[in-house]
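Chemist: Chain by chain, the residues run as shown.
Protein chains: 2
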Amino acid sequence: MPSQDSYTVVALDAMGGDYAPANVVAGAVDAMREAGGRFGIALVGRRDAIESALGGRACPDGCTIAHASEVITMDDAPTAALKTKRDSSISIGLGMVREGTAHAFVSAGNTGAVFSASTLILGRLEGVGRPTIGTLIPTAVKPCLLLDAGANVDCRPDHLFEFGVMGSVFMTTMQGRTAPRVGLLNIGEEKSKGGEVVQEAYARLAASSLNFAGNVEGRDVLTGVVDVVVCDGFVGNVLLKFGESVPGFLKARFTDLAGRSLGGKLVGLVARNSLRSVMKELDYQEYGGVPVLGVRGVSIIGHGGSTPKAIKNMIFRAEEMVARRLPANIQDAIKKQHA
Amino acid sequence: MPSQDSYTVVALDAMGGDYAPANVVAGAVDAMREAGGRFGIALVGRRDAIESALGGRACPDGCTIAHASEVITMDDAPTAALKTKRDSSISIGLGMVREGTAHAFVSAGNTGAVFSASTLILGRLEGVGRPTIGTLIPTAVKPCLLLDAGANVDCRPDHLFEFGVMGSVFMTTMQGRTAPRVGLLNIGEEKSKGGEVVQEAYARLAASSLNFAGNVEGRDVLTGVVDVVVCDGFVGNVLLKFGESVPGFLKARFTDLAGRSLGGKLVGLVARNSLRSVMKELDYQEYGGVPVLGVRGVSIIGHGGSTPKAIKNMIFRAEEMVARRLPANIQDAIKKQHA
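Protein sequence lines, in the order shown, are assigned to chains A and B.
Count along the first sequence from 1, add 2, and you get the number used in the working numbering.
Count along the second sequence from 1, add 2, and you get the number used in the working numbering.
With the rest of the complex left out, here is chain A (with noise of 0.2 Å):
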């Protein structure tokens, strides 16, 4: 990793997302306004299509455009598209963070093929065999980190322990948690429940320095009894886009269930809008993405549907593990565990 002491450019990538670049030019207009010279973006991507989004403006100050001519598209394959268009947003951008002239990567762009592209162009961390992307969820007290989220489907107990040891290091590093609370996520308390790979990545976490607070059930998940749940990508990303799914279930549910009179109409409402409101507070564009975690370098990948707001809390998401130091801080912890 090369090291920053100074002025953090956060290379970002201007073609990624379902409303790129027009999306992507608004977040980093907006967060170049706020951050007052304390920071830079590069804006990586196709000149020409991100000077049209700037609609004849010049670039704001701290802002410059790193030219990029290709375009991975979120229907791409990941591998054969990092192979074939080697001039992507994505490789650039990640390539000048490798290189040091850019400190961090922030794409909403195709997440299988930003995940690939920062392990394979920024590399792992010495000691982890598998990088990992965590999601922040909300819970009944704080919001706690879930991961794997969906990069890695199939896991060694190795890559779970792994996990936790990353998942740690972030809490503390980027949300100030002390010693927090990790937790395996299972069918049951018992270490003996669930299949040999978690048996064995239970024994791992409890042999270890982590705070590990034993098995986890998916019921447990939103009390925030643990500040990291720790699980495979396939069940990660099941539950995830489930947890997302529940909220327009319920509001079509109180929907039917006002049915005709006005007494309901004004109930349904009513439950609605209280809905509303629960789930814009817990909104992922708050939280600014998902960062990957275990590679030489800071990289998050947002949503396809990202906001110029989901884009400028990614931008300061980012400027903010550069300054906090969370990759060399994971390297570390990753080396005390593994003496």
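If you're looking for bench data, these hints aren't it; they were derived computationally from the structure.
Check each hint, because a few of them may be wrong.
Heads up, the list lumps identical chains together, so a pair's fine if it works in one copy or across two of them.
Straight-line distance between alpha carbons at most 27 Å, and here's what the computed BS3-like set of lysine-lysine pairs gives [unchecked claim]: (1) Lys338 - Lys193; (2) Lys311 - Lys144; (3) Lys87 - Lys193; (4) Lys243 - Lys311; (5) Lys253 - Lys267; (6) Lys267 - Lys243; (7) Lys253 - Lys87.
Since the structure of chain A is provided, determine the placement of chain B on it from the hints.
Modeler: Just chain B, lined up with the frame of chain A:
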């Protein structure tokens, strides 16, 4: 499977559940009142405890007591308990089904013990590698069956395929669905998604005569896009328990949201009540427990906290499964798919 063309007897585990035998006996009394002599119940358990729960009343018409001296508790390790407590209500009740003196077994007791005993005592249907349990869950349209719900943590492609077959038969036989749509729970739509096991299961399902709808993601479950969701028991258990925890989480957030003003309190009250109404409508108790599928007989496992109403519903559901020959239908379908 013993043939069953006349009077059905449901063997009911009087000692199973957190409120046994009180809730179980109360549910049996209610069921016999409603059944009007159409079928009978054998209350299986300690005679003294059952008589005490009857509070001096005589056993209702159609209801008998089958004494079993031992009780497997919710905390017992399933396999060990089945070995050491050979005269448990679970073993005796399932033995009656095997011998043909009863035709279905219902228990709100130790899930693992009831599942294992159902497999061991009733035996697997021919061609079934792994019996399974399925849970009916609400969707935006009609309930769908998710299986495996937690019995089989590690599954081979064959097992997942069989779950699809058995789930499909269940939905046709018990819910009247024509050509039920079967979905494979995965982390993306493409058949290349997921690990090896899931990919092979996809191929098997796609090559079968089932109405296979391809992969479904976590976000699709509640939309009702499929009638049957196939997954391994680890994912299924985590998902179901997570889902159960959502209403409590939202209820607390509605309260927080309401704040202290009178208007806010009213809004919070309306939102919480709406949520309660929706959840009540979706209450698992209405669905009547989870069936054990793939064994030579009818066996239903209820929630440990089952109310008398839940017990009553499970008894009726069990009688229906016997009348509609669910195990025989599953046997036919498995033979056909393997042919």
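Chemist: How would you label the pair Lys243, Lys311 (within, between, both, or neither) given a Cα cut-off of 27 Å?
Modeler: So Lys243 and Lys311 pass the 27 Å test inside one copy only (22 Å; across, 33 Å).
Chemist: State whether the alpha carbon distance between Lys87 and Lys193 is at most 27 Å within one copy, between copies, both, or neither.
Modeler: Cα proximity of Lys87 and Lys193: across copies only (24 Å, versus 46 Å in one copy).
Chemist: Is it within, between, both or neither when you check Lys253 against Lys87 at 27 Å Cα-Cα?
Modeler: Cα proximity of Lys253 and Lys87: none, with 42 Å in one copy and 48 Å across.
Chemist: Tell me, please, which holds for Lys311 and Lys144 at an alpha-carbon limit of 27 Å: within, between, both or neither?
Modeler: Within. Shortest intra-copy distance 22 Å satisfies the 27 Å Cα cut-off; inter-copy 37 Å does not.
Chemist: Between the shortest in-copy and the shortest cross-copy C-alpha distance, which are at most 27 Å for Lys338 and Lys193: within, between, both, or neither?
Modeler: within (25 Å within a copy, 40 Å between copies)
Chemist: Using 27 Å as the alpha-carbon threshold, which applies to Lys253 and Lys267: within, between, both, or neither?
Modeler: Classified as both: same-chain Cα gap 13 Å, cross-chain 20 Å, threshold 27 Å.
Chemist: Could you figure out if Lys267 and Lys243 sit no more than 27 Å apart (CA to CA) within one copy, between two copies, both or neither?
Modeler: neither (30 Å within a copy, 31 Å between copies)
The structure does not agree with the numbered hints 6, 7 stated previously, though it agrees with the rest.
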